[in-house]
Amino acid sequence: MADTNMAGGGVSAPRDAVALYETHRAALRASKRVWNILALAAFAVCLGLSVWISQFYPERLASGVPRIFEYFGTIIPDLEWSNLFAGRTEEGRAVPGSLTYWYTDFWTYAALIWETILMAITATLIGAAVAFVLSFPAASNLAPNSWVYILSRRFLELCRGIPEILLALVFVFMIGIGPLAGVIAIAIHTAGALGKLFSEVNENASARPIDGITAVGGTWMQKMVYAVVPQVAPNFFSYAMLRFEINVRASSIIGFVGAGGIGQELNRVISFYSDDRVLAVLILVVMTVTVIDLISERIRIGYIGRENFS
Amino acid sequence: MQRPRFVVPGRPVADHRPGTAHSYKRIMWGAEMLKLEKLTRRFGDNIAVNAANLEIPDGQMVGIIGKSGAGKSTLLRLLNRLIDPSDGQILFGDADIAALKGNDLRKWRSDCAMIFQQFNLVGRLDVVTNVLTGRLHDLPTWRAMAQIFTPRERAFAIQALDRLGMAHTATQRAETLSGGQQQRVAIARALAQEPRILLADEPIASLDPMNAKIVMDALRDINRNDGITVICNLHTLDTARQYCDRIIGMLDGRIVFDGTPDLLTTDMAREIYGADAGDFNEAATSTALSATKPARAVRVSA
Amino acid sequence: MSIAALSGVTDADIAAARQSQPDAFTTPAGMVRKWTPLAIAVVYVFASMWYFDFARLLDASDRVLSLLYNFVVWRDMDTWAYRQIYVGISQTLAMAFLGTFLGTLGALGVGFLAARNVMPFAAVRQIVRRILDVLRGIDQLVWGLVFVRAVGLGPLAGVLAIFVSDLGTLSKLYAEAIENIDRKQVEGVRSTGAGPIAVIRYGFLPQVLPVFISQSLYFLESNTRSATILGIVGAGGIGMIIIERFRASLYDQVAFVVLNVLVLIFAIDWLSKRIRLWLIGAKHDG
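Protein chains in written order, with our numbering: chain E, 1 to 310; chain Z, 1 to 302; chain P, 1 to 286.
Hint data in this document are derived by calculation from the structure and do not stem from the laboratory. Not one of these hints is a red herring.
List of simulated lysine to any residue pairs, SDA-like, C-alpha gap at most 20 Å:
1. Z:107 to P:6
2. P:34 to Z:147
3. P:34 to E:303
4. E:32 to P:278
5. Z:101 to E:220
6. P:34 to E:230
Computed from a predicted structure; not experimentally measured.
With the sequences and hints as input, model every part of the structure.
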């Protein structure tokens with residue numbers, strides 16, 4: 001309200017200023033109230049439309065919610081304490097109620113999780129390499145000319161614009177079912193997402209070392225390698241590690257469209273069975289993601305600590 | 001005095017500037033004189049350097065003085081071609097420096113080393129690598145990209161550091177050094193370029209008097225012993241008097257004084273530093289140790 | 001020392017420099033240390049390219065070309081069932097909006113339960129936080145798949161999937177916002193003898209509400225993106241149409257739908273930015 005006060009008090013006598021202030025205030029409050037009511041009405045309309053379009057009606061919900069709990073009931077494993085750690089019988093059968101029985105396909109899952117992690121590493125490395133190369137022409141302060149700048153920016157936007165899983169769908173069609181489609185889809189998305197972050201880091205790099213290398217007669221490439229890369233490397237590294245964590249998640253679900261990894265198995269057990277296998281795979285996926293996050297965090301902090309980077 | 005060895009590339013350079021009679025010129029790196037002809041640089045409506053004419057023979061130590069914004073920095077950046085002139089010529093021998101492009105421009109920059117007020121080292125690289133960047137113009141591309149330097153180049157860099165008394169810091173990161181140390185490393189980097197000319201843009205403005213003296217002594221030593229032309233922007237009049245063979249005064253982009261230090265009268269100095277300095281005295285522009293009250297040393301235009 | 005020139009550096013000079021500053025010279029061990037990480041990365045990438053059979057890309061070129069051709073050349077545009085497409089798009093929007101709204105409502109309650117300065121019982125807080133971790137740890141698409149199994153195909157499953165994963169993330173963010181508030185204002189309200197609900201209403205909400213709203217708006221943006229792909233597992237919205245038409249080899253229609261979705265996402269981003277500015281601006285001069 002300070003500005004209204006000043007606008008009134010600047011020219012007129014004190015008493016007028018108070019009156020003016022009061023009228024201004026009242027007008028402002030009234031217009032604000034109108035806006036608030038309008039916004040609330042718009043919100044209510046949106047909410048009503050959303051409920052209607054997605055048919056989110058109480059009776060549907062009432063019939064759906066019990067089924068949700070029913071479903072979660074079916075995927076809980078039937079564990080018996082007495083048999084929990086029982087091994088296989090002499091015929092090679094697992095005892096019902098034991099962990100071995102629950103995780104009959106453990107080694108299949110483990111192999112798929114291993115594949116998932118490999119997919120994430122490969123996609124992160126390839127995507128980060130492309131992002132690294134393009135982040136210099138895509139930084140407004142470093143681009144050698146505006147053509148290269150615009151082209152590399154647009155290319156990176158294109159790469160991150162399309163959701164990974166849609167890209168994976170297309171690649172599965174092109175090169176067939178398997179992890180390759182997933183790796184390529186995630187790598188493309190990673191290139192786009194990291195390219196944007198990297199180029200923002202580059203734009204914040206100090207110009208002084210760049211001037212220094214220009215003054216010794218350095219080429220554009222030499223300026224990048226000697227003056228920019230040493231400044232930005234720690235940030236690049238932590239962004240790439242964060243992206244790796246995201247990519248582990250992405251590669252664990254990209255199998256839904258047939259693009260490899262544990263997602264393929266997850267999709268299969270959820271779609272075709274309603275039993276404890278669903279929970280078995282889900283637990284493994286959540287554990288993998290958590291462990292990878294912890295490791296990656298340790299590496300990140302270790303590296304940054306070593307580089308005295310704060 | 002023996003001159004440093006210089007490469008004569010003899011590469012013809014396209015000169016597309018209008019009004020030149022011949023389209024190719026041969027660069028004469030063996031030239032004896034740096035010559036500015038009506039050199040002008042505008043930033044929008046502001047004329048930072050206004051029709052500067054100068055002749056600087058090889059081996060001189062030149063100090064450029066003037067207020068902040070007088071155009072000193074712009075003039076030096078024009079010489080190194082960090083910025084392009086709006087008008088006029090920079091001649092080195094017969095070569096038109098203002099028209100150089102690409103590889104020839106980089107070769108000129110490497111022959112015309114520059115040190116900066118803020119040192120412009122790469123803070124996260126170690127000192128010896130910073131000095132070795134002075135060799136970049138001579139390196140094959142793959143070696144420059146992979147940061148591979150020969151033992152000879154490394155020994156040369158360490159010699160250059162040793163000359164500035166900085167060899168012991170060779171493996172430290174540049175950002176861990178003090179300002180004065182960083183400026184000495186920057187001078188070592190300039191030396192590693194084997195330059196013909198050394199431009200120094202306010203080399204001591206960010207330093208304490210002690211380090212300022214070390215840096216200025218080093219510049220004079222390089223000028224005297226290596227025969228390298230030193231052109232140095234200075235805020236302080238007494239430093240210029242003490243170290244330079246020749247002083248150039250700039251005011252509002254124009255060169256208003258050009259002569260030996262003893263020709264620079266107090267009246268002249270007052271004009272260069274502006275009319276408001278009614279109680280002008282040289283000690284007030286001093287950062288040197290010899291000033292009467294070093295603790296109160298103030299830069300006139302800070 | 002006299003004139004310095006690289007050509008003037010003798011072998012004796014090199015030896016002397018090496019002796020005074022041995023670490024400034026490269027050693028075989030130093031080179032190994034410098035290049036090993038890059039070498040490992042390169043070897044790994046090539047090995048994994050072999051493992052994942054990147055060579056298959058070469059065989060796929062004719063399919064790639066035909067797919068690109070079909071993406072670009074649009075045929076029989078009058079038979080495209082536009083109504084279905086735009087119903088799908090509005091369904092996607094509705095799912096994102098409703099899911100975010102419910103998630104926000106839920107997080108308003110749960111966030112306070114998980115905040116250290118509101119919830120005095122550490123046990124409750126810990127249990128709530130662990131449950132939130134699980135909700136967050138499972139991807140939204142997996143939730144979608146699970147809810148499709150539980151309540152059947154359609155947008156209801158999508159709304160529930162967005163709600164559950166938003167509940168996990170938003171509650172955590174809200175709890176953090178609540179923990180970071182200025183204590184003095186709360187104590188001011190408490191000193192008037194207000195009950196716990198009044199303390200939350202007058203002490204906490206004015207401080208955290210702007211943060212809550214802007215975070216929920218960010219989630220609306222990201223949920224619009226994710227709601228487009230939830231349909232791929234059958235949880236309603238435009239994704240179902242994309243995958244149906246893709247499976248039916250109607251690639252030109254897929255390209256058209258994806259373009260529409262990109263425009264929609266762009267529009268939502270723009271709108272949400274405007275709303276955020278308006279709300280936060282209003283908060284500041286009010």
